[in-house]
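Q: Chains as they are written, first to last, in this note's numbering: chain A, 132 to 522; chain B, 9 to 566; chain C, 9 to 382.
Calculated from the structure, these hints are not laboratory results.
No false leads were slipped in.
Taking lysine-lysine and the PhoX-like style, the derived pairs with C-alpha atoms no more than 25 angstroms apart in a straight line are:
(1) C:Lys248 <-> B:Lys438
(2) B:Lys57 <-> B:Lys86
(3) C:Lys154 <-> B:Lys375
(4) A:Lys250 <-> C:Lys154
(5) C:Lys248 <-> B:Lys435
Please read these numbers as outputs of a predicted model, since none were measured by experiment.
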Amino acid sequence: MIRKLFDIIAGNAVPAVFIIISAFAIPLSGYSASYLIQELLTRIGRNSFLILSLLIPIMAGMGLNFGMVLGAMAGQIGLLFICDWGIVGIPGMLLACLIGTPIAIVLGIFCGAVMNRAKGREMVTSYILGFFINGVYQMTVLYLMGWIIPITNPALLLSRGYGVRNAVSLLGIRGILDNLIPAIITGTQGAGQFFSVQGGNAFVMIQLPFLEGSIRIPLATLIVIALFCVFIVWFRKTKLGQDMRAIGQNQAVADSAGIPVNRTRIIAIVISTVLACYGQIIYLQNMGTLNTYNSHDQAGMFSIAALLIGGASVSRASIANVFVGVILFHLMFIVAPMAGKNLIGEAQIGEYFRVFVSYGIIAIALVLHAWKRNREREAARRSLRGNKGGE
Amino acid sequence: MSDNNNNAPLLRLEHIGKEFYGNRVLSDISFDIRAGEIIGLVGENGAGKSTLLNILFGMPVISSTGGHEGVMFIDGRKVNFTSPNQALAHGIGMVHQEFSLIPGFTATENILLNREVLNGSTMSYVFSDRVSTLDRQAMNERARAAINTLGVNISPYMTVSEMPVGYKQFIEIAREIDRKNTRLLFLDEPTAVLTETEAEILLIALNKLARSGIAIVFISHRLSEVKELCSRVIILRDGRLITDQKAEELTTRQIASLMVGRESERREVPQEIPEAPVEPDNVNYTLSPSPKKKKKKIKPALKVDHLWVDMPGETVRDVSFEVKKGEIFGIGGLAGHGKLGIPNGIMGLYPAGGSVRLSGRKLTLNKPRAALGRKMAFVSEDRRGVGLLLDEPLDWNITFTAMQTQGRFLIGIPYIFQIRNEHAMRKEAKKFIDQLEIRCTGPHQKAGELSGGNQQKVCLAKAFVLRPDVLLICEPTRGIDVGAKTLVLDTLRNYNKENGTTIIITSSELEELRSVCDRVAIVDEGRIAGILPASSPAEEFGMLMMGEKMRVALAATE
Amino acid sequence: MIGRFIQNAGWPRIIIALFLLGLFIAAPFVGVRVDTSLSNTLVRFGMNGVMVLAMIPMVQAGCGLNFGLPLGIIAGLLGATLSIEWNVEILARLAELGAQYKISWLNEAFLTSWREPIGFASAVVIAVPIAAVLGWFYGKLLNRVKGDEMMIATYVGFSSVSFMCIAWLLLPYKHPTMVWGYAGHGLRTTISVEGYWLHVLSDALALDINTENIHLYIPTGMLIFFAVMAFLVWVFMRTKTGTAMTAVGSNPDFARASGVNVDRMRTISVMLSTVLGAIGIIVYEQSFGFIQLYMGPFYMALPAVASILLGGASVNKAGILNVIVGTFLFQGILTMTPSVINSYLQTDMSEVIRLIVSNGMILYALTRKVRAGR
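Given these sequences and hints, build the entire structure.
A: Written as structure tokens, this is what we have:
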């Protein structure tokens, strides 16, 4: 009984701690509610898709997919091409996805195959693989693009004539999905109308009397994310999802039941990589600029940290963890520098604090996972004596 | 299930045999199985049962070691399986001793693992069946039907990790039954983990299954169950088929004695230790001045009281015994009953409790260092896992334990600065390589590169270097060829004679124990079933091993 | 014979060695001087050698590759910064001691002329106990997470670096050369060690030939220091403890059955590795000339890990030879690619090549079939 209670507390300790931190930091930061909500909504739209892409490998028992940066790189290559070709708007985004998909599939198959060779240390392998492919990506983008791979737009290229610039503006698709269905929450303005027309555009208007100012909602992005959630729920119910769960729990049993273990694991990684590719495209359409050599780097770390803060573990993660995590993590992200400045007079501290928390939380989650696994092994051995007979 | 009118048996084996690297493990096995029959397959560990099963199921281990002799027929048609899936496709199912269930899944999910009922969907035409969703309702119904066939009441929604062990066994069997084409079912020790009532229910369920036309091969060490359930009994011994008889023609006592070997055959092994033929030139163990041999000393070298050990798969529950100084004491019993747990527990390798006294003084348990410090040495049954540093040279393997526990093979100032004396290590290793005839390229060769028999000799050398008072040896001849077997056993016997060392040998091979030891204890279900002089008839050991209530009966006859 | 050599050395090593050789051969043709390249390689070898050496104890004890090297580096950074912060006090205290105990050689003149070596030594003396304590905790942690050491080590390294970012801002350092001028507190991102212990090892006994035809610089002192450290590690691995450690890495069950305290050996190995990391970074800084704080040590584990693997070590076996060969090859590639390839292609590909080679090497080691554990 007490154990159970302890387990419940331990299971949700991470989100609880973050709620407490936020509770102190929000007043300290002095941000208004509408500002925070606006920021949070933006970040939910920006990051959720990336985080969701982590769920399927966890289901298949492959741990946190540090290799998701591979997908992010594939997405960025897609974006570079549409920028070069000057295709804008939704068609541009779709085309970027279309270009990114085969690259992500190939990288995913490669990543899955490598992970199958390193069973038992998938995480560290996928993590290093991320760096390795990063090298290949930089080679491609920095040397081959504009030289072997035709890039014609001079705005994209470095002055030496080949290699892509460090920062690429994505004006053509900036906010294109977020603003596809414009929606605004307002405070006092207007009276009772649900739709309003301003400058020829239709707006969905929701009124909340306690708010000051107005909040824009990235409605279309949220719909895409919702659809994705539905996809994951559906996927869990499929035979493939069931097989992945089986493999995640016990590879040997799944194998003896005739489930193609290695193949299924590769499929899990491919799905994750492709989704991460789309996730990165959504992320960057919100940001509006592509840091050619850095954008993907942080995608993996921040997504994983957010998922873990949402209460997920290395072996178990749900859709709820994703959203709790994205809200808590980014709340801290928004608030920490300002809180640090107001508290100690140094914004830098808040910034370092959030980096520390991101890494620290991953470290703690990994430690807890390994610890728990080793303890369970012990317990399983100890329980043997209680039974009758040998095995 | 209705090939009865066809006269061909469901399964026929003709002259099945198998050799592993020149080591014959199975020879000339022929028998038939007909639909609806229940056959008891019995034999000691190592009698060849598992090899036979491996051949039947086309396990890769068989084909990768050169295939097998003889032919198999199913419904009169010749078959040769190259993978377990082919056997499954022909309707042969197997329930293993270790559960192969997924703990977090429900009964239904486990029973229908990889045979889920799917909803049709258009997606499945585009991709594959794997993107169709599961039809949970239909699955639960099918699982319930399979469970009902067994006559037990388990909810299909129950998670396996929350089930008692007995239930898990039923789920395993239900999984095989659910396979539509299953006609022949092999059950490997299915009652070992069950309580008596559960076992009874299972036996009833199996009878019911057989009546529906499924043939069952029941592998068990519980002879009373075999007699109660089976119509025919097949006994294997040393890879040969000894008996294929109607069950009612045999008593459990007869089965037991047929399994372990008849009295007349036992005499082939020389019992008299002094006359054991040994090449005299390499029996020179003058490590310590050999004490005058006095076997009649009363003080026990080792006294074990109420020992328990948590060793996975070899749990020891409550064991007490005494070993006299200078004695060779044997511990036998079936695999999984805890005989290996005893020495491992005494040496502190697995969590243990109770009391162990070494020449009257209490031994600290759970600390290998304490046991080693009291001049005990241990040769593990898990040669490659515990016994050796496979990636290190032989001299390391042989001298490491002595270096760490006795501070030998080091130069420098003790406790302050000592580095290893590679010269001394090499010399010592060379000495044992010569003495034990270890076939290797020299002390520098890696232990992993040696053959099983030579690795075992390295393990013995490692123990001898410690100059032990008490030597514990597990499975000294497991997995080594006949020649090496004799040499290892002779070595032990001589070492005992030369140095008066107390030796405790744990082995699955009863004959081996009876040939080397003075007394042999038989372990059954984590407890000592009895201790007999090695000269007692094999039959009596057999009965102790089978764990029949014969313990009482035996005591009555004495 | 050749086949056997290839098998022993391993394909990746041979390919990279040939590549390096090719670079040296090609160098004169693109106007890169071989002698300066060689000098640079040697300097970088000496700079990084000790940090690569830090991999040995943990690999040998079966704790895997020490991706947590930044922890040791942090101890080294603390030692380095404190040695500057307290430089004056330390010298004064030594002079006091000399006077008090009448040690004739410990006088003003000695302290002035040996000011820099004393500074360096004090950095090491301060860093080592800090590293030992950090390593002890780190070792205890790794003992509880057996099987997942490498991933956890990575993140322990990352989180300690980011934690120290906060600490560098808040710790009460006062020394004007180290803190931000305008704020008066908080350490700078890079701190010059000039005037303290710049090149104190590198220039000791250095061979500097600078004629018209030849520009050769051999940092003898630094190489000797590396050799001494390597020798110490070599001797340690031959002691009773070192032998036990190797056995733990080779087969923990065997070691346990032989009466070795497995967890204790692992802890010692982690402490040793952390201490070597701390010394390693100080050696690096005295040659480099700057202490890099904040995110500086973040990715420092990867080149060290890659070097030892490049030298032929595996995830659970490593020796001094692996360190020497690996560091030389890795640093050779890093020096030669920018100079040779860049003068040929007119671009700086060194960063990309570093990424691909180092991570490719680690990936290769991770996916190699290791002896099947029990």
